[in-house]
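Enquirer: For reference, the chains in residue letters:
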Amino acid sequence: MIPKLPFRKVLVANRGEIAVRIIRGLRDMDLEAVALASDPDQAAEHVRIANEVIFLPGASSGETYLQGQKIIELAKANGIEAIHPGYGFLSENADFAAACEQAGIIFIGPKSDVIRQMGDKVRAKALMQAANVPVVPGWSGDANADWSEIESAAKAVGFPVLVKAAAGGGGKGMRLVQNPNELKDAWDSAAREAQSAFGDSRIFLEKYLDRPRHVEFQIFGDNQGNVLQLFERECSIQRRHQKLIEETPSPALNWELRARMADAAVKAAKAMSYTSAGTVEFILDGSGNFYFLEVNTRLQVEHPITELTVGQDLLRWQLLVAAGQALPLTQEQIQPRGHAIECRICAEDPEQNFMPSTGHLILYRPPEGPFIRVDSGVREGSEVSVYYDPMLAKLVVWAPDRDAALDRMSRALKDFVIVGVAHNAMFLRSIIDHPAFRAGDSHTHFLVEHEIPGKPACDNPLLQDLALAIAAAPKQTIQPANEQNSSAHPARISPWTASDRWRNHG
Amino acid sequence: MPELKIHTSSQTDPVSVDWRSLEADTFETQYSNGKTLTGKLHWISEKSGLISLNNAAGSSKVYPFYRINENSTTTLIWIEGQILTLTQPRREPRRAGAKSSAPSGVFDGKLRAPLPGKVLRLLVKPGDPIEAGTPLVILESMKMETTLTAPVAAEIESILINPNDLVDKGSVLMHLKTKP
Numbered sequence: 001m002i003p004k005l006p007f008r009k010v011l012v013a014n015r016g017e018i019a020v021r022i023i024r025g026l027r028d029m030d031l032e033a034v035a036l037a038s039d040p041d042q043a044a045e046h047v048r049i050a051n052e053v054i055f056l057p058g059a060s061s062g063e064t065y066l067q068g069q070k071i072i073e074l075a076k077a078n079g080i081e082a083i084h085p086g087y088g089f090l091s092e093n094a095d096f097a098a099a100c101e102q103a104g105i106i107f108i109g110p111k112s113d114v115i116r117q118m119g120d121k122v123r124a125k126a127l128m129q130a131a132n133v134p135v136v137p138g139w140s141g142d143a144n145a146d147w148s149e150i151e152s153a154a155k156a157v158g159f160p161v162l163v164k165a166a167a168g169g170g171g172k173g174m175r176l177v178q179n180p181n182e183l184k185d186a187w188d189s190a191a192r193e194a195q196s197a198f199g200d201s202r203i204f205l206e207k208y209l210d211r212p213r214h215v216e217f218q219i220f221g222d223n224q225g226n227v228l229q230l231f232e233r234e235c236s237i238q239r240r241h242q243k244l245i246e247e248t249p250s251p252a253l254n255w256e257l258r259a260r261m262a263d264a265a266v267k268a269a270k271a272m273s274y275t276s277a278g279t280v281e282f283i284l285d286g287s288g289n290f291y292f293l294e295v296n297t298r299l300q301v302e303h304p305i306t307e308l309t310v311g312q313d314l315l316r317w318q319l320l321v322a323a324g325q326a327l328p329l330t331q332e333q334i335q336p337r338g339h340a341i342e343c344r345i346c347a348e349d350p351e352q353n354f355m356p357s358t359g360h361l362i363l364y365r366p367p368e369g370p371f372i373r374v375d376s377g378v379r380e381g382s383e384v385s386v387y388y389d390p391m392l393a394k395l396v397v398w399a400p401d402r403d404a405a406l407d408r409m410s411r412a413l414k415d416f417v418i419v420g421v422a423h424n425a426m427f428l429r430s431i432i433d434h435p436a437f438r439a440g441d442s443h444t445h446f447l448v449e450h451e452i453p454g455k456p457a458c459d460n461p462l463l464q465d466l467a468l469a470i471a472a473a474p475k476q477t478i479q480p481a482n483e484q485n486s487s488a489h490p491a492r493i494s495p496w497t498a499s500d501r502w503r504n505h506g
Numbered sequence: 001m002p003e004l005k006i007h008t009s010s011q012t013d014p015v016s017v018d019w020r021s022l023e024a025d026t027f028e029t030q031y032s033n034g035k036t037l038t039g040k041l042h043w044i045s046e047k048s049g050l051i052s053l054n055n056a057a058g059s060s061k062v063y064p065f066y067r068i069n070e071n072s073t074t075t076l077i078w079i080e081g082q083i084l085t086l087t088q089p090r091r092e093p094r095r096a097g098a099k100s101s102a103p104s105g106v107f108d109g110k111l112r113a114p115l116p117g118k119v120l121r122l123l124v125k126p127g128d129p130i131e132a133g134t135p136l137v138i139l140e141s142m143k144m145e146t147t148l149t150a151p152v153a154a155e156i157e158s159i160l161i162n163p164n165d166l167v168d169k170g171s172v173l174m175h176l177k178t179k180p
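As given, the protein sequences belong to chains A and B, one line each in that order.
Residue numbers for the first sequence follow the working numbering, so the first one is 1 and each next one is one higher.
Residue numbers for the second sequence follow the working numbering, so the first one is 1 and each next one is one higher.
Think of the hints as simulated: they come from the structure by calculation, not from any bench.
Not one of these hints is a red herring.
Derived pair list, reagent style DSS-like, types lysine-lysine, alpha-carbon separation capped at 30 Å:
#1 Lys414(A) with Lys35(B)
#2 Lys184(A) with Lys118(B)
#3 Lys143(B) with Lys207(A)
#4 Lys40(B) with Lys414(A)
#5 Lys61(B) with Lys414(A)
#6 Lys270(A) with Lys207(A)
#7 Lys414(A) with Lys47(B)
#8 Lys207(A) with Lys267(A)
#9 Lys47(B) with Lys475(A)
#10 Lys143(B) with Lys70(A)
#11 Lys40(B) with Lys475(A)
#12 Lys70(A) with Lys111(A)
#13 Lys125(B) with Lys184(A)
#14 Lys35(B) with Lys475(A)
#15 Lys475(A) with Lys414(A)
#16 Lys475(A) with Lys61(B)
#17 Lys118(B) with Lys70(A)
#18 Lys184(A) with Lys143(B)
#19 Lys143(B) with Lys111(A)
Based on the provided sequences and hints, a complete structural model is requested.
Expert: What follows is the structure, encoded as structure tokens:
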């Protein structure tokens, strides 16, 4: 049954796979989905599947999807009643959320003051500490601290140390510093990146834990004061702090540890009076100690693995909460089943140090089969431009247990056909098939420690011989024997192939 | 007999392939390195096809493939999740006395953009002496920073770009004067 909501026309202020996923979800609920399209995105997949589109002139993110004021003006002029920000872009921009609230447009996400509080990693940490949620040791002095103070603070925390942007997220504006003489460069470059990505260059320091796991909890709150946790996602497989593979449940948690972490996540959510979907991120060391990292006040990239194990549509829940309704389930009704894994398929060349790859998708054939979900932002024929994030799709699989899910993911990655841009599917597959990953021994330094090759089987001599044979194979179409017979039937011949045939036999 | 070069990390010598269609979809390929391969080409269309190879046990292993002719000399083959790039080496008539172009792998003094992007920051100025590995320029592409470093020890001869310029893949960013 489709619930009655106080809004019908929803603008999706995003692009790529998350815009596609949200637009589909809106249409599933019979709402009007309105897409935004920059100049390079006029023919993009999220525009093709929307009910309406609003054009945003310009190409770069700064000129288009980050233009909060312009988007709100366009929304008002077009009768938009609610805005879903997706992830990235304006999703964690408190000013944008507040401007929506002021303009009388429902912002589908948490309240702007909660976004502001959690967007400031320094304030967030202080709030969590006060709520008895364990936090990582570190230093966050004031923005005007002189350099000698920062240097001695870094020494006090101890090297290696993490340099992080106060406004950061998704690995942007974050640097690992091994020794004191690298600190200045890392600090400046993180500040520069943070300024360009978030418009805020404040930096803080955090103790760097050796081989930790990244384990996060999905939380959900409503305006009636209900808070739920939807269990964990392990996102330890990262390259330069960017998540690549996520899974749930985490192979590192037993039910005792899971209960303690879930309790901390719920405490964190209650401390902020959290509403809508959010994620409480922790790092977990080898002895079962966990520390609060940050709260992501948005629907995360990796939300589908939670959707598959708890059997719920989290976008639908976001819409219900935004409409002022209570969460549809109680904590006891949420029972995760089986195992889900997500791989992020990115246009990055593993053979060239993961340099972003642009181009035209000559072939794009996602894998199929039971319990496979592909959230694509592109289709065959799409252009992958230099302007936006290189993620093409999220490949998500489910199975009753972890081994079966890994086998399914390995198969699906092999079946994923992408030609036109370099991508990381086979690189991801060599992680999925790696004995240490199979054994559940993942940590955030996994890729550095195991030196995963970019393209494992490319030097297989049989594949090379086959490729040469295929290149030398006839240029004209040869049909399967049974189709040749059936096409002799006059009714099945198109005039074009028929004329070819006559010419051949002329 | 087309001569093809297959681009992988290990093999770089061009190989000639001779394709012969035999009866009942069977084909045989002979390679200039002495190898042969026999199989069946079940079907082939504009972009895709299916080959099978006999196993010792009597069944056949199937290899679905995609074949994209990127241009007149480059073909992309998708097989078993891999993409292999094959090129037909151009046979340019060598003019007597003409100086052959620098062999690949030798730096030609031009620093090129390996990817399209925006120039974020210049880290050197003309006249600077640089060592191999010295960071020269930071490009931003797809919201990520890429630092280009000097391939060889040299001196910065000239810089052709300014911060915030948009550069295409392959465009020359700097001239480097290599030490003799």
